[in-house]
Structure formats: structure tokens, C-alpha cells
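Trainee: Chains as they are written, first to last, in full-length UniProt numbering: chain A, 1 to 243; chain B, 1 to 243.
The hints are simulated quantities; they were obtained by calculation from the structure and are not laboratory data.
It cannot be assumed that every hint is accurate.
The list makes no distinction among identical chains, and a pair is therefore deemed to hold if it is satisfied within one copy or across any two copies.
Cross-link-like lysine-lysine pairs, in silico, DSBU-like; alpha carbons within 35 Å at most [what the hints assert, rightly or not]:
1) Lys-213 - Lys-3
2) Lys-2 - Lys-142
3) Lys-180 - Lys-165
4) Lys-192 - Lys-2
2 protein chains.
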Amino acid sequence: MKKIYMVGLGPGKREAMTYEAVNAIRESDVIVGYDFYVKLIGDLAAGKEVFSTPMKRELERCREALEFALQGKTVAFVCSGDAGVYGMAGIMMEVAAGHPEVEIEVVCGVTAACSAAGVMGAPLIHDFAVISLSDLLTPWEKIEKRLDFAAKADFVICLYNPYSKKRTGHLARACQIMLKSKSADTKCGYVKNIGREGECHVLCTLEELRDQKLDMFTTVIVGNSETVVLNGRLVTPRGYQNK
Amino acid sequence: MKKIYMVGLGPGKREAMTYEAVNAIRESDVIVGYDFYVKLIGDLAAGKEVFSTPMKRELERCREALEFALQGKTVAFVCSGDAGVYGMAGIMMEVAAGHPEVEIEVVCGVTAACSAAGVMGAPLIHDFAVISLSDLLTPWEKIEKRLDFAAKADFVICLYNPYSKKRTGHLARACQIMLKSKSADTKCGYVKNIGREGECHVLCTLEELRDQKLDMFTTVIVGNSETVVLNGRLVTPRGYQNK
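If we strip away everything but chain A, and leave its shape as in the complex, we get (with noise of 0.2 Å):
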């Protein structure tokens, strides 16, 4: 059988991870994946055959994901956080479009704004948007406009990517174009390394937000107008309490 697993190894800790994720790495002969996340795996990893590269080579990724598929070998490619969500499993099939023959499976793990939203309380109990900021791929003006309906839409909002080394000004730009519809007042936070060392979170609102000096390892998340904070979570009502 031709397979590809794009497994979702969720933040980073190997209890994170679901059963079906490591079955799926166990009974695979090939790990394909960035090297940061194919070293997550450490020991699910040994006696497989091992293809990584750094990042920005994902179509050199998953054209090597698909060769060894074609050779019929089981392929795990894997992926931080869900494989689904701004992950590998949209271009994998893309690339592997034209062989309809190998079987690609998704092996869901917990993204990083389910994660992020866990370790600053419960604000994702309500409608919410996820935004990346990253324009490599997406044009800004797009992204803007995205953070602009969310924002009328008094959405809960999750920024992936608020910050990478070009692009310095990007999170202040957002939080700008967020306060022309959400009050300054609103209650923010942000994770760094979730379920990994160094894991950190910081709350603060939308205004303090707009002056954070970010990194790449970092999900935010901005609450709706009902956002509360409470014993120092970050909570969303969903209105229970009004019944």
C-alpha cells in the first residue's frame, strides 16, 4: 500500500501527542518532516529512515514524501500542532495530485490555538478567526482585511506567526487595525513555547498588546467584548450564566 500519514505531533510534549499519532509514526518505515519537529519524536524516530530539511523546503519535503510513498513505503510526515491547520497536508496533496493511488491519511493533533487557549484559561469558547500574519505566502492587504472583519465581527481572535525576523511591525500594525473596532481595554494574551521548555504566557490588553516585542514561537490570542479575565485566566463567556 502506498501511504502517507500527515501526522500532527500537537505543541511539542510527547502527552500532547494522541495514540493514533504515534501509531502512525511506529508503523511507518519513513519520518519525513523540518528538522525541529522530526527531533520532537527523538526515539519514535529510531531505526527509520529519517529525510528532514530546514525550513522554507516544503515542496522538497513532500516531493520526498511522495517518492518514498511510490516505492511503497509508509510515510509519516510530521508536522507541529495539527498537520491541517496552516500544516503540510493542503500541499501534500497538491503534490501528490496526480497519483490518486497513494493514500493519504491526516492523523489530527491539537493545533496551536486550541494549546495556546488552554494555558491562558478558556477563551475560545466562543466564535472565533484564526490569522496568520505571515505574508510569505498571503498578501498583506489580505490579511488586513481578514483582521478588520474579524475584528467588526467582535470575533475572539488567534494570530499564528505575529512576528518573524523581516517582518518586524507587523503585530503593532494588526493590533492598529483591531482597536478601530475593539476597545483598548480588551483582554488579550499570548503563549510562547507552548508545551515546551521555556513555556511562558502574559496577559494584557489590546493596547499593551500592540507594543509586544514577540517571537516566532509565540501564538496570541484577542478576546471578543465579552472577554473576561478571572483568578488570572483568560476567559470568554458563552453565557450560561444568564440562563
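Since the structure of chain A is already known, use the hints to place chain B on it.
Mentor: Relative to chain A, chain B alone:
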């Protein structure tokens, strides 16, 4: 220690649970949850005290969980998907607000947006919005506004609770609103009974989705303007091919 774990069970099958979810249940003295979810964990609850209630008695479950924790018992409060996405983590923190000595830890699971996406392909590869069509706790006007802005922003949109017995026209109405900004042939799909017996999924256009009769165990995904169907799978490209 006074502790409550808010445990996300994922879509339903045991293998889709995380190791830490299973561990949290194992080390708890009491299991609290909606009947159906308590049944899902089956043997994991064996020998433990169990407090389960039918649907719509959320506050009662939270108060009971708090009571157990105050007695010094470790509680696993089980939810489907992720306890932090339309789950009970928020209301539990509200109910326990007067008791900061009770530690509430969210143990994340795979939420339905991700597991539905994985079944259908890779539709959530780009920015997306998650909206519940349940107006039990949210004014319908607010839901309409969010649908409208999310469609205008060209988000991929994931719909939770597309149907209830009392509200049979909500999905059709939601599609009408999205059709103002999204084309009639926007690629969509829905999954019933994710990760459980009877799992099945259908891909269709937004116009076709409008006329579907779904049940409450269904999760819907509406693509963005670039979402395509490749080898029978719903895929939202992110732009790697263009580079």
C-alpha cells in the same frame, strides 16, 4: 490538592485521545460529564465515582465538579472535542471564580473543526473562522453578523451545531448570508459522526449545502475562494506552488 481537569476527548474514538487526556482521567477520583461522553470513555471510568447528567444541565455539572474538588477529590470533567472550544472549560472557570484554591487545568483534545477537516482533506490550511449556529445562548442576529463578515473576509468557515430540532432553517439561512459574498460553487463539505460508528462525509457546493438536512452530530466546512477538490478531497491551497 483541589484539582479539576477539563479533559477534551477529541472526536470520540480512543486512539484520537491524547496521552495526557487518558492520564488525567486515570489519576482522577471522579468523572463528571454529559452522559454520552462518559459512556465514550467506557472502561477508563471503571471503579471511579461518576456524576453524569443529560444535556443542558451544564451549570449543575460544574457546581457538582466544584463540590467534589472542594472535598479534596481530583475531578476529570470530560467534554467532546476540546474542552476550550464551545466546551465547558469557560463556564467551569466562571463557576469556580470564588475558589482560586481550586486548580483548573485544561487538557486539550482535537476539536471538531480539525477532525472534520482531516476527514475531508485539508480545508483549514489558510485563515478560518469557527461559528456555532446554535442560538440557545447567542442572539441569532450576532450569528448572522459573524457569518456575513466572515464570508466578506473570504475566510474558510467551519460551522458547529448546524442543526437542532427546534431550529430547522438555520443552515439554509446561514448559506443565504454567505452566498452574498461567496460564489454559489464554493467548495464545501460536511462530516457526520466523526471518529465514531457511522462516520461519513459529503463534499458539495455552497448552493447545494443550503438544501442539506443535517443532524446535530455534523460539522460543516465552507471553503474560501481558492478551495478546490483534488482526488475527492477538499483542499485549501496556501500558495507554496506559486513560489
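Trainee: Could you check the structure against the hints above and give me the numbers of any it violates, in ascending order?
Mentor: 2
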